[in-house]
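With these hints in hand, go ahead and build the complete structure from the sequences.
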Amino acid sequence: MSDFVYDLIGLTAGVFFILALKGLSHPRTARRGNLIGAFGAGIATVVVFFHGEIKNLWWILGAIAVGTIVGVPAARKVQMTQMPQLVALFNGVGGGAAALVAIVEYLSLGDTATTAEVIFTVFTVVVGCVSFSGSIVTFMKLQELMTTRPVVFPGGRFVIAATLAAVLGSSGWVVVELGTTPLLVVAGLSLAFGILFVLPVGGADVPIVISLLNAFTGLTVAASGYVLQSTLLIIAGTLVGASGTILTRMMAEAMGRSLFGTLFGAFTAKPQDTSGVAEDRPVRSGSPDDVAILLNYARRVVIVPGFGLAVAQAQHTVRELADLMIAKGIDVAYGIHPVAGRMPGHMNVLLAEASVPYDQLAEMDEVNPTFGQTDVAIVIGANDVVNPAAKTTPGCPIYGMPILEVSNSANVIFLKRSMRPGFAGIENELLYDPKTMLLFGDAKASLTKVVSALKAL
Amino acid sequence: MEALTPIAVISIFTLSVFVGFEVVSKVSSTLHTPLMSGANAIHGVILVGAIIVASHSDTTLELTLSVIAIILATINMIGGFVVTDRMLEMFKGKKGETK
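Just so you know, the protein sequences line up as chains A and B, in that order.
If you read the first sequence in this note's numbering, its first letter stands for residue 1, the second for the next number, and so on.
If you read the second sequence in this note's numbering, its first letter stands for residue 1001, the second for the next number, and so on.
Worth flagging that the hints you see were computed from the coordinates, not collected in a lab.
Heads up, the beta-carbon is just placed ideally off N, CA and C, and yes, glycines get one too.
Among the hints, erroneous ones may be present.
Said to hold, decoys possible - For each label pair, taking beta carbons as the anchor points, the in silico distance ranges come out as: (1) B:Lys1026 with A:Ile69: 36 to 46 Å; (2) A:Met1 with B:Ile1010: 24 to 34 Å; (3) A:Gly400 with B:Leu1061: 48 to 58 Å; (4) B:Thr1060 with A:Pro357: 51 to 61 Å.
To be verified - Which chain A residues stay away from chain B? Per the calculated CB distances, all over 12 Å, these: (5) Val176; (6) Leu324; (7) Ser407.
To be verified - Below, in silico cross-link-like pairs of lysine-lysine (DSS-like), each with a Cα-Cα straight-line distance of 30 Å or less: (8) B:Lys1026 with A:Lys391; (9) A:Lys22 with B:Lys1026; (10) A:Lys77 with A:Lys22; (11) A:Lys435 with A:Lys391; (12) A:Lys435 with A:Lys455; (13) A:Lys449 with A:Lys435.
Below you can see the structure in the form of structure tokens.
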């Protein structure tokens, strides 16, 4: 295959990626968009084999087979609740792959590398390694293999600044001195920096960081495209880098956070005074029958789902409850916070799985003004997204995040497993409000009991 | 292959940045997660780069590293598209979405 034809096919794949991102931005075309992207990636991969000399063919095919055997079942079997960490992991391995590609290309170029090639190689290695180790830490946070709270240690910011300085310094060393050892030093320091950079980020902000690291990986792919002289990699990587940056900003806005606050908030946040005080105060807990009675006499009910609904896999049961209430003539809506769950849109995906009609899903801006006319707000496994501390307690980790104002409704029911605070680790004052009733237990078990109690009325 | 001139690279980069900004400028928060996941799968195209470096690896070290790179990139690409499709599968056949 001639270079011209090869490059033309590469360009076609780039156009497919643009169409894929465009498709993914609209609900009706999203799935097709994803398939177009997959098709583009597929042809890009196939044509490489028909261009230039291919050594080690069986090794390459074997490695692709191994990657497929690992990746496909992981993607197929993962539960909806664990999807965010899987995306984080996929992003991390992509960053790792880009860093390795740059290292191998550097080894084979040896002394013939131009300064520009060395600079781009170092960039790929640095950002790829940061993306890799950072994504592993976000994975561990989401999987709760480690604490979800911000990890801050004395002098942390100086350690981070020093590591960053060391990364930059050693990068300069590679460019001046060349050689494999300096490059490996850069890789090691970058891995350390990736870990240090994500550790102080609080659990609730992790999705934003995943998105940011995703954009980073895009840029590394673009940089490796320069080293490998591949137009396709430059286009694809830059597209992901640019769209990922915009997406990160949109996510941060949806959470009412600045990107800076997300990354460095843990260092500037004032200590909270609410954490110790609140624990021994009385709460009003009720039985499933109490909840059913309250619902039976309501005219308007808003269901606020959160991560607890996802964990309990209670999406079908909640739909059953909603259908039952609608049959009784009650006005039912789901109030969807953009970042309820562990990722933006998590709840929409979950409820769509239970075939909840779209017209019942209300976004935050639509539903907030209606809480005044709402008799009962049922909060199922959500906490931070309804926590009034976001409005009342400056300095708390979620301060400034827009919330669902369930406290404006006449009654609030919390379905919770325990009094444990939410993912962000902040006490919720609303739990102690006199108009709040708590129903403890697994969301699915509780909902099932409420459904049968409501049927019996 | 002829080397890409710096100006060609800068042009491709700059135009791609603008296209990347434009295509996702208006997207409902519902689609943030699938969009991130789809973009994530697209950068799995680093697989092409991994195959290129593997195809001219001469030493065991180079081959070992590039085989690992291919495995990781394949996981990123194929796994990424499959998981995005699974997320979006749940949206299909629904009416009334206006955003």
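Hints numbered earlier in the text: which of these fail when held up against the supplied structure?
none
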